[in-house]
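Enquirer: Sequence:
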Amino acid sequence: MHPENYRAENHSADVCQAANAMLARHLGSNQIAGDVLGRIGALEVRLASSGEDVRAAQRLRYDVFRHELGLQAHSAVGQIDADGYDEACDHLIVVDTDFAGKAGRRIVGTYRLLRQDKIHLSGGFYSESEFELSQLAARHPGLRFVELGRSCVLPDYRSKRTIELLWQGIWAYLNRHGIDVMVGCASFRGTVPALHAEALSYLAAHCRASGDWSIRAVGDRYHTMDLMPVEAINPRSALGALPPLIKGYLRVGAKVGDGCVIDREFGTVDVFMVMPVKDIGTRYINYYGGDGQKLVA
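With numbering that gives the first Met the number 0, the residue at position 105 of the sequence shown is 104, and numbering never jumps.
Restricting the straight-line Cα-Cα distance to at most 27 Å, the calculated cross-link-like pairs of lysine-lysine (DSS-like) are: (1) Lys159 / Lys246; (2) Lys117 / Lys277; (3) Lys277 / Lys246; (4) Lys277 / Lys159.
With beta-carbon atoms standing in for the labels, derived distance ranges: (5) Lys277 / Arg215: 16 to 24 Å; (6) Gly177 / His119: 16 to 24 Å; (7) Arg235 / Arg282: 20 to 28 Å.
Source of the hints: derived by calculation from the structure; they are not laboratory data. We put the beta carbon where it would ideally sit given N, CA and C, even for glycine.
Model the full assembly from the supplied sequences, consistent with the hints where possible.
Expert: Take a look at the structure:
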């Protein structure tokens, strides 16, 4: 489960119904929805192909975030985590095909993907309230961006193979849509950057995006990540203190933006991740592009 991508809003019945109607139209026009993008054992990763799929992913998000983070946001229509971005996004889902539940299938993990060519439906990228993403995208007008968010996995399925399967799905998705850049927020628990001084300082010193790929936290929310002298940082302990999602992004070649943002409402310290696809390490392309690449063709 990755709470760093969690946000929730309350919705009236009319708003939820309207959003679901628009979502259905979006899914109906999505030619790759429902296709299997990766498979490991009984687990499959694919895109949501119906409103029912998306609502199941929203219920999963609600259950994980509510029970584990104690967040009490409630939708007016059912116990789901939903917002206005859902209708503009593709929803990557991991399904346990051996689960003897409804229709013999169970959604056990999810990731939300917002492509740049769909942000007119959402009013912009989700993380723009924290980081200067529009400015970053404007510096690369010929590249296609996708924003990753709202990721979570059921506790019983938090294994290496589930994470690998999500990355298989993401890699297949990137190839299907010709995506050039992945971006998104990731978080540390709590609202005190100093409690994560070594890890944040390590990111600032060794993993910061530069040049045309630099991105900064928005001015009134900016907090420095340079909290320790470089010579005082122990790389081993700093890496050990990083949240799993951030470590995963770094492994595939991601860089970090300048500054962190304190989200007091949701109790996190947020950093921004930038991942140009061309910079993803060859061994990860070969690894995640294995079975997933066959399914793209």
